[in-house]
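Trainee: Sequence:
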Amino acid sequence: MVRTVDEVSLTAAEADLANAIRAVDAQLDELAERERRTLGFGMRAGGAGGWFAHQAEDELDARRATLLQRRAELAAQLRHQVEGD
Numbered sequence: 010m011v012r013t014v015d016e017v018s019l020t021a022a023e024a025d026l027a028n029a030i031r032a033v034d035a036q037l038d039e040l041a042e043r044e045r046r047t048l049g050f051g052m053r054a055g056g057a058g059g060w061f062a063h064q065a066e067d068e069l070d071a072r073r074a075t076l077l078q079r080r081a082e083l084a085a086q087l088r089h090q091v092e093g094d
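My numbering puts the first residue of the sequence shown at 10, with every later residue one more than the last.
These are computed hints drawn from the structure, not numbers from a lab.
Fair warning: there could be bad hints in the mix.
Unchecked claim - Simulated DEER-style distance windows between Cβ atoms: (1) Ala-21 with Gly-49: 41 to 51 Å; (2) Phe-61 with His-89: 36 to 46 Å; (3) Ala-85 with Asp-38: 18 to 28 Å; (4) Leu-48 with Ala-22: 36 to 46 Å; (5) Ala-74 with Asn-28: 15 to 25 Å; (6) Thr-20 with His-63: 44 to 54 Å; (7) His-63 with Leu-19: 38 to 48 Å; (8) Arg-88 with Glu-42: 25 to 35 Å; (9) Asp-67 with Glu-23: 29 to 39 Å; (10) Asp-70 with Ala-35: 10 to 20 Å; (11) Leu-37 with Arg-88: 13 to 23 Å.
Note that the Cβ used here is the ideal one computed from N, Cα and C, for glycine as well.
With the hints as extra help, turn the sequences into a complete structure.
Mentor: Okay, structure coming up:
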């Protein structure tokens, strides 16, 4: 069963999943801001500061991949809940 936009009621499990997705989205936003600041610092610093910025960028990329994977898993769970598969 697919619900329409007019059907806005969620089960507790669906609401929990939606909240978890929003939390991951907030973490992704925070990560993007941190990346912007880190790379901005690295571009200004050059030399060793640039090297550290690139190291941090690799760590941020790994964290982003983990968060995106988690978000995809939560979205699949929510889809399963909503569609009742």
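Trainee: For every hint, state whether the structure bears it out.
Mentor: Verification of the hints:
no.	hint	result
1	Ala-21 with Gly-49: 41 to 51 Å	holds, 42 Å
2	Phe-61 with His-89: 36 to 46 Å	holds, 42 Å
3	Ala-85 with Asp-38: 18 to 28 Å	holds, 21 Å
4	Leu-48 with Ala-22: 36 to 46 Å	holds, 39 Å
5	Ala-74 with Asn-28: 15 to 25 Å	holds, 22 Å
6	Thr-20 with His-63: 44 to 54 Å	holds, 45 Å
7	His-63 with Leu-19: 38 to 48 Å	holds, 43 Å
8	Arg-88 with Glu-42: 25 to 35 Å	holds, 29 Å
9	Asp-67 with Glu-23: 29 to 39 Å	holds, 36 Å
10	Asp-70 with Ala-35: 10 to 20 Å	holds, 19 Å
11	Leu-37 with Arg-88: 13 to 23 Å	holds, 19 Å
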